Amino acid sequence: MSAIELRGLTKVYPGGVKALDSLDLAIPDGEFFALLGPSGCGKTTLLRTIAGLETATGGAVVIGDRDVTGLQPGARDIAMVFQDYALFPHMNVTDNIAYPLRIKKVGRAARQQKAAEVGARLGLEQLMDRRPGQLSGGQQQRVALARVMATQAQAFLFDEPLSNLDARLRLEARTFLKKLQHELGVTTVFVTHDQAEALAMADRMAVMESGHIRQIGTPAEVFQRPANTFVAGFIGSTPMNLLDGVVRADTLEVTGCKLAVPQSAEGLLHDGEKIVYGVRPEYNVYSAEPVDGSLGGNVSIVENLGASYLVTLDVNGVLVQAVVPEGHEPAIGDEGYALPRRDRALIYRDGELVSA
Amino acid sequence: MTRFVLHRIGFYVLIAVLLAFFTVPLLWLASAPFTSDPTYKVRLPDFTSENFRAILDNPYALGSLWNSVLLAAGTAVLVVVFAALAAYALSRVHLPGRDALLYTLLLLSSIITGTAAMVPLFQLAVELHLIDSQLGLILIMTGGLLPAAIFMMKDFMDSTPKSYEESARVFGASPLQIVRHVVVPLVRPGLATIAVWAVANVWGNFLMPYLLLSDVDKQPAAVIMYTLYTEGGQANIKLLATFGLLYSVPVVLMYLFVSKKYGFRFHGGIKR
Amino acid sequence: MAQATLPPEVLDDAKARRYSADAAGLGRLRAGAFVAPALALISLFLVFPALWVLYLGLSNYRLTGAAAAAPRLVGFDNFVKALTDPEFWNSTWLTFEFVLGSAVIGQVVLGFLLAWIMRDRTGPLKRIVEGLVILAWILPSAVVSFLWVALLDRDDGTLNTLLHSQDFAPLLDHPMLSIIIFNIWRGAAFSMMLYGAALGNVPPSHLESARLAGASGWQQLRDVVFPHIRGHVLTNLLLISLWTFNDFTPFLLTAGGPDGKTEVLAVHVYQVALQGGELGYGAAVSTVILLINLVVAVFYLRLLRSKK
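Protein chains in written order, with the numbering used here: chain R, 1 to 356; chain Z, 1001 to 1272; chain F, 2001 to 2308.
Simulated from the structure, these hints should not be mistaken for laboratory data.
Where hints are given, some of them may not hold.
[As the list claims (entries may be wrong)] Covered stretches of chain F (in silico footprint by chain Z; criterion: 3 or more residues with CB under 8 Å from a CB of chain Z, positions within the stretch not fixed): (1) 2044-2051; (2) 2099-2107; (3) 2119-2132; (4) 2138-2151.
As the structure is a computational prediction, the values presented were derived from the model and not from experiment.
Using N, Cα and C, we set each Cβ at its ideal position, and we do this for glycine too.
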């Protein structure tokens, strides 16, 4: 069993800065879990606290069925890949991969063989005698991965595993990592600031801000039903439209337009209250003709996204975005109407999602 | 185009001037030892070996070179080992008052190298029965060099990323294993630099051995050089030039060797 | 979607066993052990004699005569004597000239110049230039000082030959300038290496942006390079200032002369303590030197802290 559990985990730095504020988290065995958030949110601190490189001020870290909170990093049976890979420059690839086994006092022949096996699995056979300085970024990453695989630890921790790769390589590495983790079946926690990466790779994720976890869920959940406006604004390659509005009996008045109440918030709103209306550009249906219950305005910007276009409408001074499939893109200045899908639009009250 | 050419010319003129500035004083050292009956003039030598024979006749000359090697090597080893250990600990662990301590020690080390400290050092050596002891001299010189060595080494260590050590730690290595497997190989260029600096310092140090060693057979080359200087009131140019050359060669060789192997960078820890 | 929570009774305050959070897990005890050998040697052979010197400064100890056998404590008499002695102030002034001219200005400027013009080069030219500069630093003081005596000799010296001049004796006519230039020659290597490494750290993109914005070479230096290297520069200016302040080598060139014109403080202490035999007074002067060093160090540290 190698599930990871955090109970009330707190870390306060001398000087009073609260990096982690009483966090609770349960990661089941074998899951590929992402810690996502902007810089300074505490995700790396959290990872390092799980590893034991930072000591918790309060709370507990449980790995498998052991409370490891008071244990040294080396005793927790975990393996970690650092952002800069930390491959020892004076050792060749074989010795780097075999290093954890050397610490465990495995004999030289045995550990070199294991290193060769793991290296072959990741396609490193030709490089085993090279030094890290002679490897490309992608190769270095694979050596770092081979090194943690050789440990056969209960859980893996990755600190921004893809940020040191160039953009093209990053996409390939994403797929590679997800496949590898799935094959190995080892509980893995990785830290990233790139929400697209988290959505693509993780089985579940935690979105963090200022030492708190703002939402835990699968990528689909976090994308379709963000629990608060922070998550709503952070997730998604195109930012969610978050528009101020007021409840008027059984409809909504949003930036001067009349919109229907979304399915998710039916029956939960009070007349006259101020709310925030959230809908992703992908869930706005665009029309050149006026439509009831839509946001109407003039097209101010049209951006090409490849197979679709991101259209920005100026609706009574507020910018609203909608995604339009190719072939239907409007021209700047045209009149346009964005009709939000009732099954995908969301209402936020005081920053929190309104739902049953 | 002309601007570029002018730039080039200016550059090479500057280089020439700088090269001249650094080469000219050295010329005499290259020519005089090989000239019979040399003066301060730099002339084309007639490649005589009689000067070297004269040095060999001097009973203490060659022995003193060996003494210099002994003192320099002994001090360098102690300085490197102790300074590295201390600098690593000070760099990674927050010990109370460490910054104040370092700066105080640095300042005090400047007092020790001054002449006024000679008498206390002499008396201290007498008390500890370290007079006329090369080991004692090594210990004393090590003490004097350590603060600056620790200072420089700590600066170097501070710029070395911690992720290597943390990585090894998560893999289960004990602190001593980490120091052995990871830290020492990483800071080798810094260690080499400190070693060279220590050797250069000891090699040229005249005052301490002069005061603390009474047996001439134990005196290093720096002191012998000085006696050649003042023997008979007038400088014996022949012996001075020749011995000066012999005295200089080992340090230069050492520098060349170390810089080939590790590169010689005082601040190699500065991240590239 | 609510966060995963556990029933309250499971939550407990982790009585985390305190283990050290430094990178290698050394901990204070082991760190102390690492520092111990150095500290032991330093305490015995540096701190103790240094304190002794401070103590000596309060006595009238002499090398010979009655006061050698039975020295007395004279309190601050020596210090008063030093502060009212014109020779002391002469030496102090000369030392400041020496440090300012050869270290703060000379070595830094020359070292930086060398690093700057060699910055993007590799190959034999760079190696030759660096090699010669370092040679000047590596050769023992006794040798280089004699080389400069030879260079500057009135009759046969190479300088006179090059300048086709006769009877030009820089050591006699311009002693301070001679030792300043000598010290610059000797010490440039340290600064050159420092600036070489620091310059390598300036991101080329910053320099290029400045160049594209129309900045001249000098402006690039001022606005891009200097801010980047300030911290290291200050730390090392501190070191070379202290080293030069206490440097005894000028003695080998001029023996403090002619007429005390190059009697920097280190030489002055030598004259007073060992030539003149007044050890107590010499110790007091050494203490004053230490205090001046302290002021200089604090000044640098203030500058450093204000940069951070």
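Hints and how they fare:
no. : hint      : verdict
1   : 2044-2051 : holds (count 7)
2   : 2099-2107 : violated (count 0)
3   : 2119-2132 : holds (count 4)
4   : 2138-2151 : holds (count 13)
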